[in-house]
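Chemist: Please work from the sequences and hints to get the whole structure.
Listed below are the residues making up each chain.
2 protein chains.
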Amino acid sequence: MIIDCHGHYTTAPKELQKWRDAQIAALKDAKHPPSSKGTVAISDDQIRESLENAQLKIQRERGTDVTIFSPRAAGMGHHLGNETTSRHWSEHCNELIHRVCTLYPQNFVGVCQLPQTPGVSPANCVAELERCVRDFGFVGCNLNPDPSGGYWTDPPLTDKFWYPIYEKMVELDVPAMIHVSTSCNPNFHTTGGHYINGDTTAFMQLISEPKLFKDFPTLKFVIPHGGGAVPYHWGRYRGLAQDMGRPPLKDLLLGNVFFDTCVYHRPGIELLLKVIPADNILFASEMVGAVKGIDPDTGHYYDDTKRYLDAIDWIEPADREKIFQGNVSKVYPRFAKRAKK
Amino acid sequence: MIIDCHGHYTTAPKELQKWRDAQIAALKDAKHPPSSKGTVAISDDQIRESLENAQLKIQRERGTDVTIFSPRAAGMGHHLGNETTSRHWSEHCNELIHRVCTLYPQNFVGVCQLPQTPGVSPANCVAELERCVRDFGFVGCNLNPDPSGGYWTDPPLTDKFWYPIYEKMVELDVPAMIHVSTSCNPNFHTTGGHYINGDTTAFMQLISEPKLFKDFPTLKFVIPHGGGAVPYHWGRYRGLAQDMGRPPLKDLLLGNVFFDTCVYHRPGIELLLKVIPADNILFASEMVGAVKGIDPDTGHYYDDTKRYLDAIDWIEPADREKIFQGNVSKVYPRFAKRAKK
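As you go down the protein sequences, you meet chains A and B in turn. Plus 139 on top of the position in the first sequence (first one is 1) and you've got my numbering. Plus 139 on top of the position in the second sequence (first one is 1) and you've got my numbering.
A couple of the hints might just be wrong.
If several chains are the same, the list does not tell them apart, and a pair holds so long as it fits within one copy or across any two.
Unchecked claim - Once the Cα atoms are required to be at most 27 Å apart in a straight line, the calculated DSSO-like pairs of lysine-lysine come out as:
#, residue 1, residue 2
1, 413, 445
2, 431, 389
3, 350, 431
4, 196, 157
5, 413, 469
6, 389, 307
Derived from the structure by calculation, the hints contain no laboratory data. Only a predicted model underlies this, so the values are computations on that prediction, with no experimental measurement involved.
Modeler: Here it is, written out as structure tokens:
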């Protein structure tokens with residue numbers, strides 16, 4: 140079985156965005172009543188249609204089996220509105236993912252968006268995480284390390300500010316993918332700057348304050364987009380940790396931190412495989428995502444990451460199995476339990 | 140000749156920092172008169188001592204000839220105080236670099252710090268750049284894309300806000316290394332987060348707004364630390380540019396943008412060489428810099444980047460010459476003129 144651990148519902152029927160647009164418009168318009176959750180009217184057929192020619196078609200074409208699927212990351216927009224805004228929006232997005240996973244239980248397994256808001260304790264995300272895991276069978280969450288959308292005004296991920304959500308993650312035995320949302324800072328292009336910076340930033344935070352994994356030994360994070368800049372600068376991170384008197388990175392955090400394979404060219408994938416242990420790499424493509432085109436040099440989609448992995452003949456078969464499937468059972472224990480059923 | 144294009148005076152005599160500490164203290168203390176430039180009392184012998192057992196020793200040990208040398212990047216601290224604060228501090232730092240280059244004209248060539256201040260037009264940096272280039276013989280400058288120190292409150296580098304300094308750079312025929320300073324945002328570790336993010340961010344800004352290099356066809360930027368995350372995600376950047384309707388990256392910006400080799404392990408250096416044309420790579424180590432230790436896996440300093448390059452036997456001799464020496468003449472024309480003398 141080939142599991143893609145990183146997919147977002149980027150092709151959701153337009154009614155979802157319409158609801159969001161109205162919600163945001165109401166925030167700006169003092170004449171309108173405060174936002175209420177309301178309903179998003181999307182039929183099962185609309186959901187099927189949105190997936191058949193996109194994620195499902197791509198799964199078939201590329202030969203992947205299951206996608207761990209969450210709401211559109213750039214759409215989370217935690218900086219907009221207030222706690223209630225984020226709660227209503229997250230609930231709708233997660234309910235839609237649940238419908239996708241119910242319609243296509245062989246193809247999609249859910250991961251939830253959290254109703255984060257800048258400056259507000261992530262304790263307010265606990266109920267939604269619990270609902271998604273216990274009621275919907277979701278296997279993880281996306282945690283935004285910068286709900287401000289590019290101004291980084293909340294504390295680092297190692298701060299006790301974040302502990303309420305970690306306590307619930309540990310209790311439910313679900314990991315978080317550390318994933319920022321859209322950037323509203325004109326300095327940061329969302330998918331070309333902010334996403335990659337978010338990954339790099341989070342990893343360095345985890346080196347800087349290793350107490351986190353002493354407090355939560357079973358807490359697990361997936362750092363997407365191949366770990367941002369981290370594998371390319373693995374020597375820098377090893378050296379910085381060493382200068383800080385930390386144990387080797389393997390002992391410091393590789394029991395808790397994992398990288399996906401969303402790196403859109405073969406030399407990058409090769410580097411990732413050379414420097415990061417296979418036990419810490421999870422196959423992913425983020426299709427349909429940030430990069431939609433075909434690489435003229437190869438004639439294939441940039442984000443067809445399976446093809447890069449398939450072409451590398453020096454990956455040990457046991458390692459290949461871990462990357463495509465085995466590590467998911469370790470990082471997402473609820474995925475494994477679900478698969479057994 | 141082997142030229143290291145990226146070195147900072149991290150070992151400056153402590154009198155420099157004492158002056159800075161007093162300057163900062165005066166900012167906070169309403170009883171003190173406003174900061175005046177004053178003097179930094181450092182003898183030539185102190186300068187010699189600060190270098191002999193550090194940068195000069197390392198040059199000899201590693202077999203490099205010249206370092207393009209600038210004030211300590213983390214020390215620039217553009218977010219502190221106001222325009223006058225930055226002007227006095229930059230002048231002192233640059234004057235000290237000039238003294239280093241005068242004492243050791245064979246070993247060091249100067250690059251200046253600019254007196255940037257958040258929210259203030261870089262037009263205020265023109266005089267100091269001109270002084271350093273015309274009076275001191277400096278060959279370039281360090282340009283901080285985020286003078287706020289981790290809050291990214293100024294416009295992107297492609298904004299007309301920055302044009303006054305670009306106009307002077309083009310007139311003087313000097314490049315800028317895009318280099319952030321210390322982070323005062325607790326989310327960003329200075330050398331492990333903010334530095335790398337600054338590089339990645341700047342590159343993506345240049346893809347997003349290609350008008351800059353139409354307005355300044357001869358403007359040149361060096362992106363340090365191996366280009367941040369860029370070479371590792373070269374497929375992503377190629378794909379994003381393509382999705383935006385831009386020409387291939389080579390045509391879009393590789394006439395203006397160059398990467399150094401401050402990548403502290405061999406697999407990273409190999410990736411850089413595989414994906415970035417040799418014409419766009421400049422040898423650098425940033426010694427004595429962010430990572431000071433010895434890699435237990437190799438027994439050598441992490442930042443001994445020459446060793447990684449020397450060990451790679453598939454670099455064409457002509458490319459090796461470009462990386463170690465030839466490209467500097469192209470990117471820093473004043474270095475070449477100086478060498479001829």
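Chemist: Go through the copies and call it for residue 196 and residue 157: within, between, both or neither, with a Cα cutoff of 27 Å.
Modeler: Within one copy, since 26 Å is at most 27 Å while 65 Å is not.
Chemist: Classify it for me, residue 413 with residue 469: is the Cα-Cα distance of at most 27 Å met within a copy, between copies, both or neither?
Modeler: within (21 Å within a copy, 34 Å between copies)
Chemist: Is the C-alpha distance from residue 431 to residue 389 at most 27 Å within one copy, between copies, in both cases, or in neither?
Modeler: between (34 Å within a copy, 20 Å between copies)
Chemist: Quick one: residue 389 to residue 307, C-alpha cut-off 27 Å, is that within a copy, between copies, both, or neither?
Modeler: Classified as within: same-chain Cα gap 26 Å, cross-chain 48 Å, threshold 27 Å.
Chemist: Could you place residue 350 and residue 431 in one of the four classes (within, between, both, neither) given a Cα distance threshold of 27 Å?
Modeler: Intra 40 Å, inter 24 Å, cutoff 27 Å: inter-copy only.
Chemist: State whether the alpha carbon distance between residue 413 and residue 445 is at most 27 Å within one copy, between copies, both, or neither.
Modeler: both (17 Å within a copy, 21 Å between copies)
Of the hints listed earlier, there is not a single one the structure fails to meet.
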